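Chemist: What follows is the residue order along each chain.
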Amino acid sequence: MGLFAPWFLAGLAGLAFPFYLHLLKRQTRTPKPVSSLMLFESRTQSSTRHRRLRYFLLLSLRLLVLLLLILAFADPFVNRDTATLSSVRLVLLVVDNSFSMRAGTRLSDARDRAMRVLSGKGAARAQVAAFGSQLRLMTQPIEDQSALRAAVEAIQPGDGHGNFGELARAVRAMAESIHTPIELHLFSDMQRSALAATFSDMALPANVKLETHAVVSEAQTNWTVESVDAPGQVWGKAAKPVHVQAVIAGYGTGAARRTVSLVVNGRTTATKTVAVPANGRAAVDFPGLEVPYGFNRCEVRIDAADAFGADDLRRFAVQRSDPRKALLIHNYGDNRSPLYVGAALSAAAQSAFTLESIDVREAADRQPSNYAFIVLSDLNTLPALLENSLTGYVRSGGSLLIAAGASAGARSQIPIFGARIVETRDYSRVPGRYMAAGSSDSSYPAVAKAGGWAGVKFFYALDVDPGDARVIVRLGDQTPLLLEKRIGEGRVVLFTSGLDNLTNDFPLQPAFVPFIEQTARYLGGGERQGGARLVDAYLDLRNARDGTSNGKAQAQGVEVTDPQGQRPLTLSEVGSAQSFQLTEAGFYQIRFADGRQDEVAVNPDPKESNLDVIPGDVLALWRGNGGQSSPSAPSAQNQSAPGAAAPHKTPQTLWWYCMLLVFASTVAESVLASRYLGTQREE
Amino acid sequence: MQQRFLNPAILAGISSLDLVAKTVVDGFVAGLHRSPDFGFSQEFAEYRAYTPGDDLRYVDWNVYARSERMVLKRYRGETNSPLTVLLDASNSMQFGSHSVNKIDYARYLAASLFYLAIHGQRDAAGLITFDDEIRNYIRPSTRQGQLHRLLAGLEQAEARARTDFAKPMRYFQELVRRRGMVLIVSDFWESPESVIRTIQPLRFRGNEVVLFHVLDPEDVRPKLHGPSILVDLETQNQIEVTPDYTRNEYRQKIEAHLADLRDRTQAAGMGYCLLMTDRPLDDALREYLTLRGVRK
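In the order they appear, the protein sequences are chains A and B.
Residues in the first sequence are numbered consecutively from 1, following the numbering used here.
Residues in the second sequence are numbered consecutively from 1, following the numbering used here.
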């Protein structure tokens, strides 16, 4: 017997407190006035003696509560023979069903091993669990052999990425709630990639004894499609050629040539042969991805001819749709803004928008809601009708980019945006003759991809009062340059300079194209969440904006169809789920809360394709027995019935019992103290 | 129904002593089911033969006319009996375990007695307030405004210092020269022997003396929650006392003390009335009227 934290015994000094309360402290009472003490006599001695005798039991209980509390903190333990605990131990059988267990006969081998251990467990209680990316309990702790065997048989191969750190965390949580020794049997291929980032993450509690059962003894060669780079969305009929790049990887393989195929909707559209170096990678480029309108299920396959066929393909989904329209309203005679903005939009790799440019006189008869977003460039006057129409458009969810240009300085405030114009800044008159961009918010996509606008010269800008708007970029003299403000359900971005080359040289700089492209994507909204994801990733079904500002979208249900065609969300989750975990490889169909539809290709973690195994010494270290058994040659101990291990002392903590006693003593103390108080009241 | 107004707790809500006295007395008198007009008119007693020197005004000339005998018509003598209230205003009188403390109760009592004496009996009434000294003296009188002077004197009677009957007693004898009724209102926290020895001279001078012994319920049955420290309001002495003592020994002592005081008072030919401050005032008024009837 001992104490895990003996320094808490210093708390024993606190035992003096009840003594002080009960025996030493004078009973301080408020003196009670009486008319005369003529007939009273002092009874001090008798009252003190009476009090001491009467409260002795209460004092004892209080001392006991304190003592047990201190003991609980000191965490006492007793060393008990493991053998004596065998009758109350829990045999936990964990079968690895991560994606790599699909290789060859790994999973069936693991189940067979588990069956053998199960048959030799004797009368001990057992529990079966499957472990992919997380521990999934298949049974409760039971002794019924048939139920346990059925649970082992029911374990199916999964697509998750195993992580022994996660396994250890789950077992630690179990050990906190189960106070009996746990005999953990792990049936796995002991993949090296399943090791946690740090070994301490895999540490198991003292009452858990780990037995590893490796179903493979050495690394196996494997080919895989490691990654595919393809756009998630292509626009229009005359879209530019779409490239699909795939990386083919070999693990433990020699140099070889592999045939790689591009499959679109089940039809092979292109085939290439690539030379892959020994134990290396090679990239394959398919230059023209032809996909019809709508969602397309695509795959890149290789002829691997290895034992792990499940990882010889990688899926991705591509959607083809028409580009959306954007409207640029400019001043009469201003030809530069449409030119530069239109060129930048068309120069973007995947142009999702077609720009329509009109001057302000033609704008009155346009319906703003027909456009994904609208750009106002250099407007000195804005007709009231158009301003009202645009304000309503923004409030109902539309997006607007306002470029102040050189003419807006005559106004007192920016229309629609509402910012007050403080003054105009003409930098062509200052000594440097221009001003560069100063601080910028790099989290804003339009700025992040434009490289912070380094080297752009601004000759003219408006100094506006930002108010409650978010300032994204400031010039070197702190003049706000790019601001964003939410108005109603829409958003307005204000650029206090112009989109031509008169007020700055931005349109002539390379940063202009990504700025326009990202701003267009941001304002146009509807960024596609689909494309390719990894198993166990989470997909946002409702974005934060839906939750805060669009109650209608929040109330609508979402719909998810998994690769098997099932709908995994329950009725309550359909109406409330914020995200969804993609647990299987394949194509998911999703209808989001805002009504958009999408298709997501889900692939297993590429780390599962590396079939290298954990070295024996590392496994021995994890088991904590210094390498007495190795995974490649399971010892007689591993093969023997569980619980028959050589007896050794295992410290078993008693703090739980201490806390139970503390609780019981506290209840007794409360009852007794309340009874004494009741007696005093009666007096 | 009117008895409700004699409840001290209700009287405590009335700020004016005048109104308190009127409420108490009217309520009390109504409760007697008699006419409130007591009418102390002269009543015929007897005839006596005239002897030289008698006052001729009392000769019944009607009898002389019929029988030529001179007889005097005698009437039952009507006396004005001055009432003097000796009010103890020592610190112990400010003790109270409920809404009315002893000094307040004594004020209500004295005010009611004054009201009854002046308005009801047309007696002269006076007040002596004392603790260990004579604090205030209002000569008995039937003059206009006497009741207001007495009530003002009661209002000014603040409890302070300690009780000492012996010291002010010699002044009592000088102040109470005319025979009458002397009502002593006090909690009498002194030995009965000492109290009677001090007060007895008033009786020897022909006064009717009544002791109104005003006590709070907790003076008789103190309530203690566990061992307590008790402070004497007059001497500020402190002692620790247990509930067991107050439940047993103290109760025996206080009962013996009360019985001793009552016996000694009655043995000395004086009246004694124990008044608890949670009880109505009518006992005291009844005692006064009984005493007044005896003197008439």
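Rather than coming from a laboratory, the hints here were simulated on the basis of the structure.
Only a predicted model underlies this, so the values are computations on that prediction, with no experimental measurement involved.
Check before you lean on any hint, since a few could be wrong.
Claimed, not checked - Subject to a maximum C-alpha distance of 16 Å in a straight line, what follows is the list of computed EDC-like cross-link-like pairs (lysine to aspartate or glutamate): (1) Lys73(B) / Asp104(B); (2) Lys253(B) / Asp112(A); (3) Lys223(B) / Glu208(B); (4) Lys223(B) / Asp244(B); (5) Lys167(B) / Glu190(B); (6) Lys607(A) / Glu573(A); (7) Lys32(A) / Glu218(B); (8) Lys325(A) / Glu356(A); (9) Lys167(B) / Glu218(B); (10) Lys32(A) / Glu46(B); (11) Lys73(B) / Asp55(B); (12) Lys32(A) / Glu133(B).
Stated by the list, open to error - Short, incomplete list of chain A residues facing chain B, as computed with Cβ under 7 Å: (13) Pro33; (14) Ser35; (15) Leu37; (16) Met38; (17) Phe40; (18) Ser42; (19) Ser412; (20) Arg521; (21) Leu534; (22) Ala537; (23) Leu539.
We put the beta carbon where it would ideally sit given N, CA and C, even for glycine.
Chemist: Against this structure, judge whether each hint is valid.
Modeler: Going down the list of hints, with the structure as the test:
With a C-alpha separation of about 49 Å, the suggested pair Lys73(B) and Asp104(B) falls outside the 16 Å cut-off, and the hint is violated. Distance hint between Lys253(B) and Asp112(A) is unfulfilled; the C-alpha atoms sit about 96 Å from each other, more than 16 Å. Of the supplied pair hints, the one linking Lys223(B) and Glu208(B) is violated, its CA atoms being roughly 37 Å apart against a limit of 16 Å. Among the hinted pairs, Lys223(B) with Asp244(B) is consistent with the structure: their alpha-carbon atoms are about 11 Å apart, no more than 16 Å.
The hinted pair formed by Lys167(B) and Glu190(B) meets the criterion: a straight-line CA distance of about 13 Å does not exceed 16 Å. Between Lys607(A) and Glu573(A), the direct Cα distance comes to roughly 31 Å. Violation of the 16 Å bound is thereby established for this hinted pair. Proximity of Lys32(A) to Glu218(B) is assessed by CA-CA distance (about 12 Å); at most 16 Å being required, the pair is judged to hold. The straight-line distance between the Cα atoms of Lys325(A) and Glu356(A) is roughly 7 Å, inside the 16 Å bound, and the hint therefore holds.
Simply put, Lys167(B) and Glu218(B) have alpha-carbon atoms about 28 Å apart, too far for the 16 Å limit, and the pair is violated. Between Lys32(A) and Glu46(B) the CA atoms are separated by roughly 64 Å; this puts the pair beyond 16 Å, and the hint is violated. Between the alpha carbons of Lys73(B) and Asp55(B) the distance comes to roughly 11 Å, so the proposed pair stays at or under 16 Å and holds. The suggested pairing of Lys32(A) with Glu133(B) is violated, with an alpha-carbon distance near 27 Å, which exceeds 16 Å.
Here the hint on Pro33(A) is kept, as its CB sits about 5 Å from the closest CB of chain B, short of 7 Å. Against a cut-off of 7 Å between C-beta atoms, the interface hint on Ser35(A) holds, since the closest Cβ of chain B lies about 4 Å away. Hint on Leu37(A) holds. Least Cβ distance to chain B is approximately 4 Å, under the 7 Å limit. Interface restraint check: Met38(A) against chain B, minimum CB-CB distance 5 Å, threshold 7 Å, status holds.
Interface restraint check: Phe40(A) against chain B, minimum CB-CB distance 5 Å, threshold 7 Å, status holds. For Ser42(A), the suggested interface contact is upheld, since its CB lies about 4 Å from the closest CB of chain B, less than 7 Å. Given the 7 Å rule on beta carbons, the hint for Ser412(A) is violated: about 72 Å separates it from the nearest Cβ of chain B. This hint is violated: Arg521(A) has a C-beta 79 Å from the nearest C-beta of chain B, more than the 7 Å allowed.
Taken as an interface hint, Leu534(A) does not check out: its beta carbon lies about 73 Å from the nearest beta carbon of chain B, beyond 7 Å. Below 7 Å, beta-carbon pairs count as interface contacts, and Ala537(A) has none with chain B, the closest being about 69 Å; its hint is therefore violated. Contact between Leu539(A) and chain B, as hinted, is not supported at the beta carbon level, the nearest pair being about 69 Å apart and thus beyond 7 Å.
Of the numbered hints listed earlier, those contradicted by the structure are 1, 2, 3, 6, 9, 10, 12, 19, 20, 21, 22 and 23.
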